[in-house]
Amino acid sequence: MILLDPQKCQGCRMCESACSFHHTGHRMFNPSRSSTRVSRDNDTAVITLSIDSTCDLCEGEETPLCVKYCAYGARKVSR
Amino acid sequence: MKPHGYAGRILRVDLTEERITEEPTMRYAERYVGGRGVNARVLFDELSPSTMPLDPENMLLFGVGPLVGTLSPFCSRVSIDTKSPFTGGVGSANCGGHFGAEMKYAGYDSLVITGRAENPVYLWLSDGEAELVDAGGLWGKTTWDTERAIRSSRNDNEVRVIGIGPAGENQVKSACILSDRAKAAGGSGVGAVMGSKNLKAVAARGSLPVTVAEPERFIEAVDAARKKIEQFPKAKLYRKDGYYGVESVYGSPAWEAGFRPVRNGQDDYWDPEKIKRVAGDTIKPYRKKILACFGCPVGCMPWMVVPDGPYKVEGEGWWNNSSNSFCTRVDCDNPEAAIKAHLLTNQLGLDGDNASVVIGWAFECYEKGLLTKKDTDGLELTWGNHDAVITLLEKLAYREGFGGFLADGVKTAAERLGGGSEEFAVHIKGQDSVDGIRVSKGWGFGVVTSPAAGRHLRGAIHSFSPERFLSYDGVPWRVYMQEQYKAILDMTGTCLYNNGLLSWETEASGHAAHHLAELTSSLTGMHLDVERFMRIGLQVHNLEKAFNTLHGGFTRRDDYPPKRYWEEPVKSGPYAGEHIDHEEWERMLDEYYGLHGWDPGTGWQTKETLVSLGLTDVADGLEAAGRLP
Numbered sequence: 000m001i002l003l004d005p006q007k008c009q010g011c012r013m014c015e016s017a018c019s020f021h022h023t024g025h026r027m028f029n030p031s032r033s034s035t036r037v038s039r040d041n042d043t044a045v046i047t048l049s050i051d052s053t054c055d056l057c058e059g060e061e062t063p064l065c066v067k068y069c070a071y072g073a074r075k076v077s078r
Numbered sequence: 000m001k002p003h004g005y006a007g008r009i010l011r012v013d014l015t016e017e018r019i020t021e022e023p024t025m026r027y028a029e030r031y032v033g034g035r036g037v038n039a040r041v042l043f044d045e046l047s048p049s050t051m052p053l054d055p056e057n058m059l060l061f062g063v064g065p066l067v068g069t070l071s072p073f074c075s076r077v078s079i080d081t082k083s084p085f086t087g088g089v090g091s092a093n094c095g096g097h098f099g100a101e102m103k104y105a106g107y108d109s110l111v112i113t114g115r116a117e118n119p120v121y122l123w124l125s126d127g128e129a130e131l132v133d134a135g136g137l138w139g140k141t142t143w144d145t146e147r148a149i150r151s152s153r154n155d156n157e158v159r160v161i162g163i164g165p166a167g168e169n170q171v172k173s174a175c176i177l178s179d180r181a182k183a184a185g186g187s188g189v190g191a192v193m194g195s196k197n198l199k200a201v202a203a204r205g206s207l208p209v210t211v212a213e214p215e216r217f218i219e220a221v222d223a224a225r226k227k228i229e230q231f232p233k234a235k236l237y238r239k240d241g242y243y244g245v246e247s248v249y250g251s252p253a254w255e256a257g258f259r260p261v262r263n264g265q266d267d268y269w270d271p272e273k274i275k276r277v278a279g280d281t282i283k284p285y286r287k288k289i290l291a292c293f294g295c296p297v298g299c300m301p302w303m304v305v306p307d308g309p310y311k312v313e314g315e316g317w318w319n320n321s322s323n324s325f326c327t328r329v330d331c332d333n334p335e336a337a338i339k340a341h342l343l344t345n346q347l348g349l350d351g352d353n354a355s356v357v358i359g360w361a362f363e364c365y366e367k368g369l370l371t372k373k374d375t376d377g378l379e380l381t382w383g384n385h386d387a388v389i390t391l392l393e394k395l396a397y398r399e400g401f402g403g404f405l406a407d408g409v410k411t412a413a414e415r416l417g418g419g420s421e422e423f424a425v426h427i428k429g430q431d432s433v434d435g436i437r438v439s440k441g442w443g444f445g446v447v448t449s450p451a452a453g454r455h456l457r458g459a460i461h462s463f464s465p466e467r468f469l470s471y472d473g474v475p476w477r478v479y480m481q482e483q484y485k486a487i488l489d490m491t492g493t494c495l496y497n498n499g500l501l502s503w504e505t506e507a508s509g510h511a512a513h514h515l516a517e518l519t520s521s522l523t524g525m526h527l528d529v530e531r532f533m534r535i536g537l538q539v540h541n542l543e544k545a546f547n548t549l550h551g552g553f554t555r556r557d558d559y560p561p562k563r564y565w566e567e568p569v570k571s572g573p574y575a576g577e578h579i580d581h582e583e584w585e586r587m588l589d590e591y592y593g594l595h596g597w598d599p600g601t602g603w604q605t606k607e608t609l610v611s612l613g614l615t616d617v618a619d620g621l622e623a624a625g626r627l628p
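Residue numbers (numbering that gives the first Met the number 0), protein chains in the order written: chain A, 0 to 78; chain B, 0 to 628.
Treat the hints with caution; some may be incorrect.
Listed below are the simulated DSS-like cross-link pairs for lysine-lysine, each with C-alpha atoms no more than 27 Å apart in a straight line [what the hints assert, rightly or not]:
no.: 1; chain 1: B; residue 1: K239; chain 2: A; residue 2: K67
no.: 2; chain 1: B; residue 1: K227; chain 2: A; residue 2: K75
no.: 3; chain 1: B; residue 1: K235; chain 2: A; residue 2: K7
no.: 4; chain 1: B; residue 1: K227; chain 2: B; residue 2: K288
no.: 5; chain 1: A; residue 1: K7; chain 2: B; residue 2: K233
no.: 6; chain 1: A; residue 1: K7; chain 2: B; residue 2: K227
no.: 7; chain 1: A; residue 1: K67; chain 2: B; residue 2: K226
no.: 8; chain 1: A; residue 1: K67; chain 2: B; residue 2: K233
Please keep in mind that the hints were generated in silico from the structure rather than gathered at the bench. All values reported here derive from a predicted model rather than from experimental measurement.
Here chain B stands alone, though its shape is the one from the complex:
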């Protein structure tokens, strides 16, 4: 019988052999629930450390959690996991949209993809049938044209498509995977891995049900969560103005608390006159509508229109990070150029966060005379030159000229160029990192210690009061808890964003762990109280950590901020002089490893801790490789 809350099947596709098989979801989901949890386990079990990220043998997993495709609020997410081309450690990214629910209705909870197709293909999923389809005619197309073409060939506008653009095809490290033309699973080079497999897209259409174990209890849990969401004052505002429209108004902590590094991180505070030109409230005229992902009662993503002029464009997408990537980072205050840049990255299948890091670095190299027009195909990479940013995004996606020099990420580019450019190449464990981490200490510590390296979607926590976000006190414990909570979100398929404060501590959102435990238990019939759920979250986090130790070779040495943020303070604004205190950082690391039961000297997991988490086989694997302290 099909398990409640699940499609019931994991699809395995070997692209080299063109072999498609299935196995029961519950083989993994009973222990790891779904989504990222199942992906992390399969990846750890099956991928050899000798496999390189762009080898055919690397695995690319798409996982949808049990809450996706139901009435559970905010549940649309697809977790995409692989071995990261940036770090050689775990790669993990996720996105919303409507693909996840459709994949489940088409009959699959997870896709495990290996091998490399001889010629470009896309994977078609429909009501328990899976088929590889020739995608020769799609190769080279943008993500938008790919969706149009697949829907047209299927004569069905409700087909949902997730896939890559030219950037992924060209195995550019900052390539992402997009669903619904706009929802990016960015970071970890997931798009490059998909491109290396000659897999252009996955398209789904389904009509299979998701059954409910205890319907009345489940609906009660849905209603309780919805009630909580409506008590959250920002819910109404998000619906009206979107996340950016609310959180990035002029004067908000989003601008002042150092989240948006300026000029490649030379500073974390931007000229107020420039902020005003791209702040949430001033960008309103370009916003036509706010759109929601599947099952979201709030909505966050705007449909943007630049009606005329050189940056004429229309499409879904603009996010908080866009004003970092295409504004502060390159010191550009032209809102129309920035909107154009964001929508262009969606079309090309580039992750804006990642792409802008290497572009910002190139601008700084130009400023310092390490690069000249002779190196940049004639482009003047002067701060504020938004035309150059747009041209570089195109070049990057196609590995054309100077774009090819940047296409393997900032660490590689800096190693190639040398001349001291490594000093301001902002990466963590090799992953280009967009985040500003000097002001908000919990944010910084979470970003730096994340196994999905250099990213804020693991343990990073933030609060809006300066006394709290400037303080080191309690940070390790809060990060440790947030890691577990975030794993619950990613296992069930729940979105992090609309809980407003981005934290497990947020009660107002309906997202607190007890709601998710009740929703998941009543849907699936599993008995998941908060304690058990958080423990599974901890197991998943430890699986990824072990993958990193085994595949990436990381140690304590790799849990430090990029050199620039370690050594240079914030230069201006209300938090001028704010910096990362070295002694405090060491103390936080000791405390954090202690909470996890990891060895403070090496940063590695101990046998005792892994055994106590029920991960004895993981400990055995590390021991055999000589990676236990």
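The following block holds chain A by itself, in its conformation from the complex:
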């Protein structure tokens, strides 16, 4: 599974783009096709991260793309 650390996340949503790239067979970007969500409360700056049941741990990829493209160390693969 993917371990999430919302404290480290700075809210750029590259994980969403990367995830949707995987789910669309490397053809497109669209966060609505993403299994993961980054949500920021604009009153408090608190960031919430989630992953839904459509995550397949990036089957077929070398590493899960959300982990690969996170620049903030907010995601890790748990083994």
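Following the hints, put chain B in place on chain A, whose structure we already have.
Leaving out everything else, chain B in the frame of chain A:
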């Protein structure tokens, strides 16, 4: 078929007629890529020189480049272009945040807005549908409350909002347009134009895809750019401390090299004891977190908290310029008041850079006895009076009392007051200008010659070694190249800031033109090598220059620094005595016009140059108006 890398559609909204139409993005994007490029072309083609900036007929364009909404790093920017209420020439500003990507997912690359709504409205964009929604209940609200209200009414916290606060509603010239409550498209009075249209906001939510022409090549380009970014030592520091936290530590060139004019530009060097109170490292306790715009692997903008006291406030925003606008310019060294001032401008929808210029001027008028408490609604505009700064920001946004006197910018205010106050009214082509330009010559030359007048986001270049930034040598060529490179950033939707040195010369950042050419080509399927891309940048710059000649009537005369910076040297600090040499400036102008192929006498473009750039129709337009040399 939808073109790769684009939403595919430009939305046109006539607010007067409540008419909404669409056209294909590629009608313009094949030649001008997107964002500012497309906006510049549409503006030049369609706006009549007889239209005044706050007339309903003025156009307000929002453009998002192809790289926005993809994995391409730093790509979140929205370019907002119009006819500027400050100058009557081209108005251009851009911002990051999350709105740009959402606008694209909602189905639109550009919005072309004309007319004036009878009553306040906001524009709602969602999955290829566009609708004007009554905004009577939003009018008067701050940008923060506007976002809260729209999200609440849509019952969706992921709706992204870009819009104006009270300052824009009241058509204050220093009004900006903000996305995500914090990311300001400031300068050029874009907020005032939006207010004049009775358009409170644009809100977007979308789930439409951005497809990729050559996915494996694109991902390789993304990885190459990311690798380059990680080789940039400051990347880690920016993530941790934000841009200001890194670049404005005590003793850095940011403080010493004259970027922050003190007391309305009487000097460009500030008392070290005061610097220490607001420097990047000392402001750290107020910084709770660093936040990133869409697709940014670095992050720069802090979430600031003043936990208690008279300036209790919390929100996103604090930038290098804030320590100019709310500190040096008015000689205030109270960090909590300055943070409050910055976050207040975000709420009111004021651009801090622009608002602080006219406020700094008013303080100097007070110092010189040209204004008294009778004129200022009882405010004591003495240097360092941060309470007065905060009160004036409120008055300015609402055009209340003395705020109304200042609300049309420093040039107008000085013309109204007279008494010699014009001598220290710092504006370029009528645009209030915040930049310190006497020490770093490349910065100064870029700021002064920018078509989006008086601003550092065109050709301004800077390096951190004094031998280089004090020198006039090579400046015109470096500015000329930076103009083209900056146009590439603005056409694709890429952020300038996190390339660290603010220059096309920076290799370390992943932003060098060849990365952007490869990213854009593989995403869209267009064939854009560096040479072609820079040439398009040059075309866009020339479109804006021609717009200025036609609409603003500018000539060589308008490419000189404000009187204060032309005549007064820096007074103190390591660069005391540094000034703008008049002969060197003339020489730089001659060289710069020569590089562009513009006429040195008038500063105008020549027919030959425009034809060689493939802009024959632009040359024809200028010729018909008698504006060719």
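Now the hints, each set against the structure:
| no. | hint | result |
| --- | --- | --- |
| 1 | K239/B x K67/A | holds, 20 Å |
| 2 | K227/B x K75/A | holds, 22 Å |
| 3 | K235/B x K7/A | holds, 13 Å |
| 4 | K227/B x K288/B | holds, 25 Å |
| 5 | K7/A x K233/B | holds, 18 Å |
| 6 | K7/A x K227/B | holds, 22 Å |
| 7 | K67/A x K226/B | holds, 12 Å |
| 8 | K67/A x K233/B | holds, 20 Å |
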